[in-house]
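*Asks:* Sequence:
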Amino acid sequence: MARRILLQPGQIWTPQDPSLPARRVRDLPRGRLSYTEISPSCPAGSTPTGQAGHLVTPRLFREWIRAYGATLAGNDGEKASPSAELAKKIVTLRSACGMSQSGLATALGLSRSAVAALETGRSSARIHIPRLAELFHVPVELFLSGMTEQTFPMDLSMDEHDLIDLYRRLPVALKISVQKYVERQTRQAEEAD
1 MARRILLQPG QIWTPQDPSL PARRVRDLPR GRLSYTEISP SCPAGSTPTG QAGHLVTPRL
61 FREWIRAYGA TLAGNDGEKA SPSAELAKKI VTLRSACGMS QSGLATALGL SRSAVAALET
121 GRSSARIHIP RLAELFHVPV ELFLSGMTEQ TFPMDLSMDE HDLIDLYRRL PVALKISVQK
181 YVERQTRQAE EAD
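Residue 1 in full-length UniProt numbering sits at position 1 of the sequence shown, and the numbers go up by one each step.
Please keep in mind that the hints were generated in silico from the structure rather than gathered at the bench.
Treat the hints with caution; some may be incorrect.
As the list claims (entries may be wrong) - Under the rule of at most 30 Å between Cα atoms (straight-line distance), these lysine-lysine pairs were calculated in the DSSO-like manner: (1) Lys180 x Lys88; (2) Lys89 x Lys175; (3) Lys89 x Lys180.
Construct all of the structure, not just a fragment, from the sequences and the given hints.
*Replies:* So this is what it looks like as structure tokens:
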């Protein structure tokens, strides 16, 4: 059985042939994968200015990885997609609790393969967050931000204060959607600069 390749923004894949360009995953918008090529003559991790991005299916990108023996050369430091971050948290918590995928599947009322899909980011775990928090005895916020509620002083404009207040009123599933939207918009704005 072929190993599953989890693709995330910021990953840099380098083919076995050093004369071929590496590929940097930029984003995973709506079932597609956006990437740029990094010329072998460029310094490590840099991308030539003005180089156009490419848009393919994740399946096609995985086929390129296998066909050219590409390996994950690193990550340029960008945060992983929210679904990939959430998947990592589920795996870590399940392992820390000594629970098998089958055990978690039973607790959630899912099949073992459905849990495997949650843990690889192939399936959305949003609707399961409250139950996962209860099972692992952690606050729901851990799945949203990675940290529990912490207070610290911060100067906010009225707009920022209103946005935070509205965000806090949302149910968990919608908070994740808002985070994904803001991350996409931020990434697009940074790419436009």
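*Asks:* May I ask which of the numbered hints given earlier this structure violates, with the numbers listed in increasing order?
*Replies:* none
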